[in-house]
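> When you get a sec, could you build the whole thing from the sequences and use the hints?
Heads up: the sequence shown begins at 1 in UniProt numbering, then just goes up one per residue.
Be a bit skeptical, because a hint or two may be false.
In the DSBU-like style, the derived pairs of lysine-lysine whose C-alpha atoms are separated by at most 30 Å in a straight line are [stated by the list, open to error]:
#, residue 1, residue 2
1, Lys-211, Lys-86
2, Lys-236, Lys-86
3, Lys-236, Lys-111
4, Lys-111, Lys-211
5, Lys-67, Lys-236
6, Lys-111, Lys-127
7, Lys-86, Lys-131
8, Lys-125, Lys-211
9, Lys-67, Lys-127
10, Lys-125, Lys-67
11, Lys-86, Lys-111
12, Lys-86, Lys-125
13, Lys-67, Lys-86
14, Lys-127, Lys-211
15, Lys-236, Lys-127
Listed next, with one range per pair, are the computed distances between beta-carbon atoms [stated by the list, open to error]:
#, residue 1, residue 2, range
16, Gln-117, Glu-141, 11 to 21 Å
17, Pro-237, Ala-203, 36 to 46 Å
18, Arg-81, Ala-132, 22 to 32 Å
Since the hints were derived computationally from the structure, they do not count as laboratory data.
By construction, the Cβ of each residue, glycine as well, lies at the ideal position given by its N, Cα and C atoms.
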Amino acid sequence: MSLRICILETDILRPELVDQYQGYGQMFQNLFSQQPIAAEFTVYNVMQGEYPSDDLTFDAYLVTGSKADSFGTDPWIETLRAYLLKRYERGDKLLGVCFGHQLLALLLGGKSERATQGWGVGTHKYKLAAKAPWMSPVREELTLLISHQDQVTSLPENATVIASSDFCPFAAYHINDQVLCFQGHPEFIHDYSRALLEIRQEALGQQVYTKGVASLEQEHHGTTVAEWMMRFVAHKPEAKAV
Numbered sequence: 001m002s003l004r005i006c007i008l009e010t011d012i013l014r015p016e017l018v019d020q021y022q023g024y025g026q027m028f029q030n031l032f033s034q035q036p037i038a039a040e041f042t043v044y045n046v047m048q049g050e051y052p053s054d055d056l057t058f059d060a061y062l063v064t065g066s067k068a069d070s071f072g073t074d075p076w077i078e079t080l081r082a083y084l085l086k087r088y089e090r091g092d093k094l095l096g097v098c099f100g101h102q103l104l105a106l107l108l109g110g111k112s113e114r115a116t117q118g119w120g121v122g123t124h125k126y127k128l129a130a131k132a133p134w135m136s137p138v139r140e141e142l143t144l145l146i147s148h149q150d151q152v153t154s155l156p157e158n159a160t161v162i163a164s165s166d167f168c169p170f171a172a173y174h175i176n177d178q179v180l181c182f183q184g185h186p187e188f189i190h191d192y193s194r195a196l197l198e199i200r201q202e203a204l205g206q207q208v209y210t211k212g213v214a215s216l217e218q219e220h221h222g223t224t225v226a227e228w229m230m231r232f233v234a235h236k237p238e239a240k241a242v
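Next comes the structure, spelled out in structure tokens:
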């Protein structure tokens with residue numbers, strides 16, 4: 001039986017990118033369609049007030065990236081926080097990427113804020129800091145496409161760091177068998193990252209822009225992360241002996 005994944009889309013792409021890339025919900029569907037674990041997806045754009053009805057059930061809820069700040073006070077962000085807290089308290093599995101990664105950390109007792117390190121763009125390499133049964137295929141390092149100026153600066157008390165770098169110490173984490181989050185974008189492809197760099201060139205500054213473009217020569221492991229995410233959702237922890 002296929003997994004049922006609810007994608008909570010938290011952004012609308014720039015007009016010049018919509019025709020080619022459609023949206024983050026579609027990018028994730030493109031990514032997950034390459035995985036060995038079958039899944040069905042329903043996308044809701046929470047910026048526009050879209051949420052699943054109460055009678056629908058999903059195996060996991062995935063919060064996408066966004067231009068918005070996870071610590072922002074826009075009404076739609078406040079509504080999303082309340083919705084995710086309800087889902088967490090019910091025991092639902094939650095996945096977060098970039099904005100979603102930061103929002104879930106903040107919601108569950110951590111901290112996210114504008115990073116003193118500045119913008120992270122292009123590809124970035126992380127060391128793996130933990131292992132779990134669902135982290136297959138196994139890797140020692142992880143390279144992902146990134147685009148962010150905010151970071152998680154303090155994790156929730158019960159979170160475990162999965163991936164880390166000097167630039168981004170809390171690049172990925174999980175909370176038991178319920179929450180799994182990544183700062184990097186497994187759903188990005190090189191062409192989309194390059195388009196974002198071109199759009200943001202002035203805001204980034206020449207040095208960051210040039211370094212980011214050069215880094216796009218590296219391969220990234222988005223499909224590995226996608227497989228980890230699907231295995232995480234499908235994973236059933238062993239019952240503890242009484």
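> Against each hint, give a clear statement of whether it holds in the structure.
For each hint, the structure was consulted:
no., hint, verdict
1, Lys-211 / Lys-86, "41 Å, violated"
2, Lys-236 / Lys-86, "22 Å, holds"
3, Lys-236 / Lys-111, "29 Å, holds"
4, Lys-111 / Lys-211, "28 Å, holds"
5, Lys-67 / Lys-236, "34 Å, violated"
6, Lys-111 / Lys-127, "22 Å, holds"
7, Lys-86 / Lys-131, "28 Å, holds"
8, Lys-125 / Lys-211, "14 Å, holds"
9, Lys-67 / Lys-127, "26 Å, holds"
10, Lys-125 / Lys-67, "22 Å, holds"
11, Lys-86 / Lys-111, "19 Å, holds"
12, Lys-86 / Lys-125, "34 Å, violated"
13, Lys-67 / Lys-86, "24 Å, holds"
14, Lys-127 / Lys-211, "20 Å, holds"
15, Lys-236 / Lys-127, "26 Å, holds"
16, Gln-117 / Glu-141: 11 to 21 Å, "20 Å, holds"
17, Pro-237 / Ala-203: 36 to 46 Å, "43 Å, holds"
18, Arg-81 / Ala-132: 22 to 32 Å, "27 Å, holds"
Hint compliance for this structure: hints 1, 5 and 12 are not met, and every other hint is.
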